[in-house]
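S.K.: Chains A and B, in that order, are what the protein sequence lines are. Okay, so the first sequence: first residue is 1 according to this note's numbering, each after it adds one. Okay, so the second sequence: first residue is 1 according to this note's numbering, each after it adds one.
Keep in mind that a hint or two might mislead.
Put simply, identical chains are the same to the list, so a pair is met inside one copy or across any two.
[As the list claims (entries may be wrong)] Listed below are the simulated DSS-like cross-link pairs for lysine-lysine, each with C-alpha atoms no more than 30 Å apart in a straight line:
| no. | residue 1 | residue 2 |
| --- | --- | --- |
| 1 | K478 | K592 |
| 2 | K292 | K518 |
| 3 | K124 | K456 |
| 4 | K518 | K478 |
| 5 | K592 | K124 |
| 6 | K311 | K124 |
| 7 | K592 | K397 |
| 8 | K456 | K343 |
| 9 | K456 | K311 |
| 10 | K455 | K290 |
| 11 | K423 | K343 |
| 12 | K592 | K343 |
| 13 | K397 | K203 |
| 14 | K592 | K423 |
| 15 | K311 | K518 |
| 16 | K311 | K571 |
| 17 | K343 | K478 |
| 18 | K124 | K292 |
| 19 | K456 | K518 |
Simulated from the structure, these hints should not be mistaken for laboratory data.
Number of protein chains: 2
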Amino acid sequence: MARWGGQAHPAMKVPSPSVREAASMYGTAVAIFLVILVAALQGSEPPESPFPYRIPLDPEGTLELSWNVSYVQETIHFQLLVRELKAGVLFGMSDRGELENADLVVLWTDGDSAYFGDAWSDQKGWIHLDAQQDYQLLRAQRTPEGLSLLFKRPFGTCDPKDYLIEDGTVHLVYGILEEPFWSLEAINTSALHTGLQRVQLLKPNVSVPALPADMRTMEVRAPDVLVPGQETTYWCYITELPDGFPRHHIVMYEPIVTEGNEALVHHMEVFQCAAEFESFPQFNGPCDSKMKPSRLNYCRHVLAAWALGAKAFYYPEEAGLAFGGAGSSRFLRLEVHYHNPLKIEGRRDSSGIRLYYTATLRRFDAGIMELGLVYTPVMAIPPQETAFVLTGYCTDKCTQLALPPSGIHIFASQLHTHLTGRKVVTVLARDGREREVVNRDDHYSPHFQEIRMLKKVVSVHPGDVLITSCTYNTEDRKLATVGGFGILEEMCVNYVHYYPQTQLELCKSAVDPGFLQKYFHFVNRFNGEEVCTCPQASVPEQFATVPWNSFNRQVLSALYGFAPISMHCNKSSAVRFQGEWNLQPLPEIISKLEEPTPQCPASRGRSPAGPTVVDIGGGKG
Amino acid sequence: MARWGGQAHPAMKVPSPSVREAASMYGTAVAIFLVILVAALQGSEPPESPFPYRIPLDPEGTLELSWNVSYVQETIHFQLLVRELKAGVLFGMSDRGELENADLVVLWTDGDSAYFGDAWSDQKGWIHLDAQQDYQLLRAQRTPEGLSLLFKRPFGTCDPKDYLIEDGTVHLVYGILEEPFWSLEAINTSALHTGLQRVQLLKPNVSVPALPADMRTMEVRAPDVLVPGQETTYWCYITELPDGFPRHHIVMYEPIVTEGNEALVHHMEVFQCAAEFESFPQFNGPCDSKMKPSRLNYCRHVLAAWALGAKAFYYPEEAGLAFGGAGSSRFLRLEVHYHNPLKIEGRRDSSGIRLYYTATLRRFDAGIMELGLVYTPVMAIPPQETAFVLTGYCTDKCTQLALPPSGIHIFASQLHTHLTGRKVVTVLARDGREREVVNRDDHYSPHFQEIRMLKKVVSVHPGDVLITSCTYNTEDRKLATVGGFGILEEMCVNYVHYYPQTQLELCKSAVDPGFLQKYFHFVNRFNGEEVCTCPQASVPEQFATVPWNSFNRQVLSALYGFAPISMHCNKSSAVRFQGEWNLQPLPEIISKLEEPTPQCPASRGRSPAGPTVVDIGGGKG
């Protein structure tokens, strides 16, 4: 039995209790029983660098995960710190954070010996040992903070019971074993204290760029808003830059969320108003208020965007987001989306965004462009769907018109849907062929909308097509979910961050409304008298009366995949580029990107065939 | 280096030529260079029994494959006999017999050493070594007949590059290496002499039943038919049993195909005529002839069915197919489907079926029932589809009415489609839940329509539903493929063989024609003026005018998955059981069978990491 790296394991002599006795001795006392002997360490090596990423797994911070990523070896090294070890711990990943059908590593004791093994939970939460052991324990070490487990796993294992670690969100799960278990198969995750944490495991190898020495900050915050006691509020606040404020580059920004309101502030954006107006009226109120001056609709040039779960945002060293100076408005609009499902009254908020800017202009102006679907009810998801896909297009006609001949370079992306979004992907197509993925998240969660730096900058040329598809789960809905601004309505958006900046701020689509009316007409004829096609009815009302049988569902999906679209190819100020944008044909795609086949790790023979040997009591190790 | 089972390998001392020289010495001469040393044999064992199954792979019979199946170990042992070894051989499996994207084992030489490895071919036919070696060489032995290679492979390997060996048809592929290759990666399958052979690898563990001592034979053959020079002919021939022929049980039958006409005779069936008519007119001509007496439509009780690729058929020991005696007609109708795409004129044929029967009646009468789709053009497949699914139902209402309280037991099944069929499956559902698969072939080929004994007898009770789905590929078609009898039309049929016999001979469905007309009407309205909905047009004419855009395809598919059906719940003599069979609701399925997850072999560590070591020349082994 080999030891890794000569680590010393404190060995304690204790009487060896029977399993039944041991089971009654659970609690922190059990922790001192655990003396970990690590076997089968051939082929393992220490991580080359310390762990750049670290998060607490549980709200109390008893479990802390650190990790690093080797893209060459396609392997992640994990270091799991267990602060108050009881009888064991389980850690792993699952599709959406559930403890069933999860891919797990388990450290457990039967009260006598203890074990570390690669396992999985079935759909009822029962745990089973994996036939193939792909998590490899490299070190188990007591530290002053707690037990530290070092283990590694390839991104893909080719074991059908294992989670495939991909780009995008990963739902980590954990569980605390409070008592010994006779065997791994005796553990059911539903009986444990468990939880989940969302994280992007495969962080890009992009370092934080150097920040200019003359960097200054500016806070754009709504002063002391009384958050309305309703589910959805978009709050609008107008502020202005100092008189004579010259042209600067924003190089970084970060959210300022009023303490205690972290769950209330869903997303925030800072817009610059249109330069053609000398001034804009003051306003501080709901964006849909009748009191809102209509001129504020001309404040749509995005300066910064933040959503729940994101951290500070840095521009690449060669680009910054221009603001101030001649030809740009001094007026800024802050929009804060408050999500208040408990309809709390009387809560005050002063959240906003802190801009970091420099007068030393960088080489390129950066911009943000909105891809995906127009916020319109014509794009709808039937209820009770597990994976309904809506797609929005940025057509060749629009990129041809709006992009410079040398193209633009997308360096970051923020995916956005409301509550039923489950996957989002944007693909770039050229000459009818899908070429590359701009950003993909197959485990997307609306509760974790980070702005993500791309692993590889994607260049978009005039004539290219950008296709953004969102997959929705409406199993808990009784009526159709239509597109719109409300949190119970849906969106499908990819905010791409790029340089050099262009006039194109919004490149989105929706089905042609006339073709949708043909659908309602057809549904009415085919299904009898159940559907209201009275011309007075609004589109949401029409969708609400559709009897959602398999036929009407599939025909709607077929319609969205076939009918012409209405394009929004817009500059700032809600102005379309010149051209005919209605009844546009859907971009024709003649070849799709292949789904990547997961790499199987080559060195299969090295993995242990069963759980790693662990011993309890009496052993010197 | 271990040797398996102490086999003696003849070692030959020869000069070791350079690769270039060796490359010029290809041909049978290279064969004597090959001295196989087998390494990495730990964990292997000889097959327990000899190989019950054997087929030639190529038309010349140079490659002969024998195999056996262990369902306990989920492993197949293969013995490949290479009669005239040149510079190597490749053998493997692929989805439909193509040499691209195939799972392969390769025996090759670089002119100096030789190797045996688990490999795969990419979509361009280039060969690559598998990261995971799942074919395990157990023995390489010279025999008087040629080189004999013994190797084994688990059904499933969990290597995404490997073929999953499942029930149903397997397309075996082979290739002959005529010269040495510098490396495996230098081989492209397109440059080799290659071929395919279809076979059911996972034969059931069912033994041939004992045959009665008093067994006699009877040949039902059309005498000297002049096969019409047209693509599709259904030939009808009436014959009769001897006067006073008493009740017997057919216990076995086999095809008699006139020598030279093997490719012409597509399938054959023997029907018994209806007992209510005293006599039937003689007839020997095309079934669609205007001269055919209409009374022959009352000859529809299936006695025997054979199709291309099938062998002799045996009934289970407890059942036989009754014919003769009081209450049954003496008249038989032989139907031979000639498939004559080359429109050969003047060919004569006397094919038919040889019945083996006994006067010693077995305990149960057996029967054949036809499941799937009615032969009607209302069920159609759009052109250019890669995997369009049509489904036929045998509803609970029909089984309730027609099956005995104790149910029936299906012991064999023959799947049938015409040229575009790619998959066929029949599933049994009870109380809205899919329960078990009756028969499934995910690599179905219309050119290999065996009657297959089921691994497990499936019992069907009154109220059960049988759902038969066929998947079609119409990539090479320009127009829709409609249901019908012609070889360019399609069928979706599962002939199930069962006991005890019931009156139910046919339990099939098709979409309600009225709902199909709603579809045509809708297509017309939605797509403009392109579709002919004139009431005079036939359904095939209507389908021929549909513009096959994605919308019309998906709506047709949605229609088939939603619209009510017309049931054919028929006794013999084309008579429906009493009841309302039109506008029946589609059976509602609330839970589907899960796709089985392939078992990964547990003992991963045993497999070698690379190709098995092989040596050339001079070695003693």
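S.K.: Determine for every hint whether it applies to the structure shown.
M.R.: Do the hints match the structure? See the list:
1. K478 - K592: between (34 Å within a copy, 23 Å between copies)
2. K292 - K518: This pair counts as neither: shortest intra-copy Cα distance 36 Å, inter-copy 50 Å.
3. K124 - K456: between (40 Å within a copy, 28 Å between copies)
4. K518 - K478: both (24 Å within a copy, 28 Å between copies)
5. K592 - K124: between (37 Å within a copy, 18 Å between copies)
6. K311 - K124: The answer is neither: 36 Å in one copy and 46 Å across copies each exceed 30 Å.
7. K592 - K397: The answer is within: 20 Å in one copy meets 30 Å, while 44 Å across copies does not.
8. K456 - K343: neither (42 Å within a copy, 59 Å between copies)
9. K456 - K311: Close inside one copy (20 Å), not across copies (58 Å); limit 30 Å.
10. K455 - K290: Classified as neither: same-chain Cα gap 44 Å, cross-chain 72 Å, threshold 30 Å.
11. K423 - K343: For K423 and K343, the Cα distance is within 30 Å only inside one copy (28 Å; across copies 54 Å).
12. K592 - K343: Neither: 45 Å inside a chain and 41 Å across chains, both beyond 30 Å.
13. K397 - K203: This pair counts as neither: shortest intra-copy Cα distance 34 Å, inter-copy 58 Å.
14. K592 - K423: both (18 Å within a copy, 24 Å between copies)
15. K311 - K518: For K311 and K518, neither the intra-copy (45 Å) nor the inter-copy (55 Å) Cα distance is at most 30 Å.
16. K311 - K571: within (28 Å within a copy, 72 Å between copies)
17. K343 - K478: within (22 Å within a copy, 59 Å between copies)
18. K124 - K292: Answer is neither: 52 Å inside a copy and 63 Å across each miss the 30 Å cutoff.
19. K456 - K518: Answer is neither: 42 Å inside a copy and 50 Å across each miss the 30 Å cutoff.
Hint violations for this structure: numbers 2, 6, 8, 10, 12, 13, 15, 18, 19, all remaining hints satisfied.
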